[in-house]
Amino acid sequence: MTRVLVTGATGYIGGRLVPSLLDAGYEVTCLVRSPWKLTDVPWRDRVRIAEADLADRRGVRAAMDGVAIAYYLVHSMSAGRGFARAEREQAEIFAQAAADAGVRRLVYLGGLHPREGRLSEHLASRAAVGRTFLDGSVPSIVLQAGIVIGSGSASFEMIRHLTEVLPYMPAPRWVRNRVQPIAVRDVLRYLVQAGSLPGDLNRTFDIGGPDVLRYGQMMNGYAVEAGLPQRPIASLPVFTPWLASQWVHLVTPVPRALAVPIIASLQNDCVAREHDIDRYIPPPDGGLLPYRVAVRLALRRERAGEVETSWQNATVPGIPSDPIPSDPEWAGHRVFTDEREQHSPASPDAVWQVIESIGGESGWHSAPLAWAARGWIDRLTGGVGMRRGRRHPSRLNTGDVVDVWRVESIDRGRGLRLRAEMRMPGRGWLELGVRPDGVGSVYRQRAVFFPKGLAGRLYWAALLPFHGIIFSGMLASILSEAERGSIARDSARPRT
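For reference, each letter of the sequence shown is one residue, going 0 to 495 in numbering that gives the first Met the number 0.
Hints may contain errors.
With beta-carbon atoms standing in for the labels, derived distance ranges [unchecked claim]:
id : residue 1 : residue 2 : range
1  : LEU379    : PRO281    : 48 to 58 angstroms
2  : ARG272    : ASP348    : 52 to 62 angstroms
3  : ILE280    : ARG456    : 51 to 61 angstroms
4  : ALA123    : GLY452    : 34 to 44 angstroms
5  : VAL438    : ASP64     : 47 to 57 angstroms
6  : LEU457    : ARG175    : 43 to 53 angstroms
Don't read these hints as lab results, they were simulated from the structure. Just so you know, even glycine gets a beta-carbon here, dropped at the ideal spot from N, CA and C.
Turn these sequences into a full structure, and let the hints steer you where they fit.
Structural data, given as structure tokens:
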């Protein structure tokens with residue numbers, strides 16, 4: 000069996016590519032910075048995990064041992080100072096490690112872009128990463144894809160929310176630019192088969208679906224598939240890329256860090272210039288999926304709760320991802336906590352069902368206006384806000400997003416720990432748990448906050464008057480819903 004290495008396995012494309020490679024008969028090593036995010040993925044026991052940052056030369060080289068094909072599926076979602084240089088340096092480290100380890104093929108997924116004209120920082124950086132691999136000693140395949148359409152993709156979510164929220168769409172001039180979307184299943188097919196292309200092949204390939212559309216046509220194509228009226232779209236010259244990204248950030252759940260590179264890629268026509276890939280990877284029977292068919296399938300999967308991976312998986316720039324210490328105070332942190340516990344006649348299972356369904360459409364069981372206000376404050380300051388929702392309405396896995404939180408750990412039936420990804424002067428967690436207690440259960444709730452400097456201490460102090468309302472209301476509402484559920488189940492149980 001051939002061993003492949005996949006970077007970005009916790010991301011949207013990588014999380015779908017890994018099972019596709021396993022099904023194709025490959026052995027897979029996942030190079031990740033945060034292995035805990037893969038704890039609950041269904042293929043976890045079928046892969047080898049290598050933990051390293053892409054800037055860690057030794058760690059990347061060690062992960063390459065025994066690898067024949069290496070997939071590079073990461074890129075920065077932040078436009079901070081020096082990000083392009085950091086991306087290029089990481090690509091150089093990866094290419095050199097592959098050469099030293101005797102890897103025979105590199106595969107990189109970039110984006111469609113015009114040959115001429117000024118590129119955005121993000122597109123220019125992706126093009127530079129591709130050139131880094133092509134200039135190296137390991138033969139490389141650089142796939143340059145159009146807008147990826149699939150359940151949970153950031154591009155699809157942006158189209159969906161812009162179309163559904165706005166009956167009339169004032170839009171930037173780029174809504175008239177031509178783009179070539181491609182279904183996520185076709186991208187995965189190209190990626191899997193790229194590993195078996197002729198060994199001396201070292202080049203870029205443009206990949207896109209069968210439709211070339213204006214962005215406005217994509218929005219109205221979505222409207223047709225979703226059963227919505229066509230949306231009038233007005234192209235306004237006042238919308239700069241920066242202003243457009245702020246607009247998308249406020250109108251859709253897609254955070255600014257993701258909106259910026261998506262919008263930047265739409266400033267020019269992004270259409271495949273060649274179709275040479277067809278000579279090496281022939282289209283499937285029936286051809287590549289048309290745009291509206293891809294939208295239809297994405298909607299069907301989202302409605303059925305069958306979203307494999309989501310843009311929500313993306314790491315939030317500037318938010319630490321290290322887990323809570325097992326004993327925060329012994330770890331040297333100043334810690335503020337709010338702890339509550341209460342007995343309930345509801346069964347542990349009934350309480351757990353409410354805990355695992357928290358957030359998203361179910362809400363947070365207390366002070367909805369306060370939660371909404373906190374979410375909007377976060378959005379206005381560039382954070383993710385409360386509108387990311389959750390991938391499945393009633394089941395959570397490690398690494399999943401729940402509005403402004405991320406699941407850091409889950410002991411199903413017993414405890415859930417959420418890590419805050421909102422902008423604040425410190426780091427925060429929310430723990431919800433249940434244990435059996437005679438004929439009922441004991442529900443436990445704990446909020447933990449590590450303040451950062453004086454601002455963090457003042458932040459906690461300012462929120463103290465609201466904690467009694469929010470956290471006590473959450474406790475009472477969760478137990479009340481669990482008790483109603485227990486009564487309903489008892490009533491439905493057959494009598495003997």
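So, going through the hints one by one against the coordinates:
1. Our hint of 48 to 58 angstroms for LEU379 and PRO281 holds, since their Cβ atoms are close to 50 angstroms apart.
2. In this structure, ARG272 and ASP348 meet the distance hint of 52 to 62 angstroms, their C-beta atoms being roughly 58 angstroms apart.
3. For ILE280 and ARG456, the Cβ-Cβ distance of about 58 angstroms falls inside the hinted range of 51 to 61 angstroms, so the restraint holds.
4. Restraint check, ALA123 to GLY452: a C-beta distance of roughly 36 angstroms satisfies the suggested window 34 to 44 angstroms.
5. Here the CB-CB span from VAL438 to ASP64 is close to 56 angstroms, well matched to the stated 47 to 57 angstroms.
6. About 48 angstroms separates the C-beta atoms of LEU457 and ARG175, a value consistent with the hinted range of 43 to 53 angstroms.
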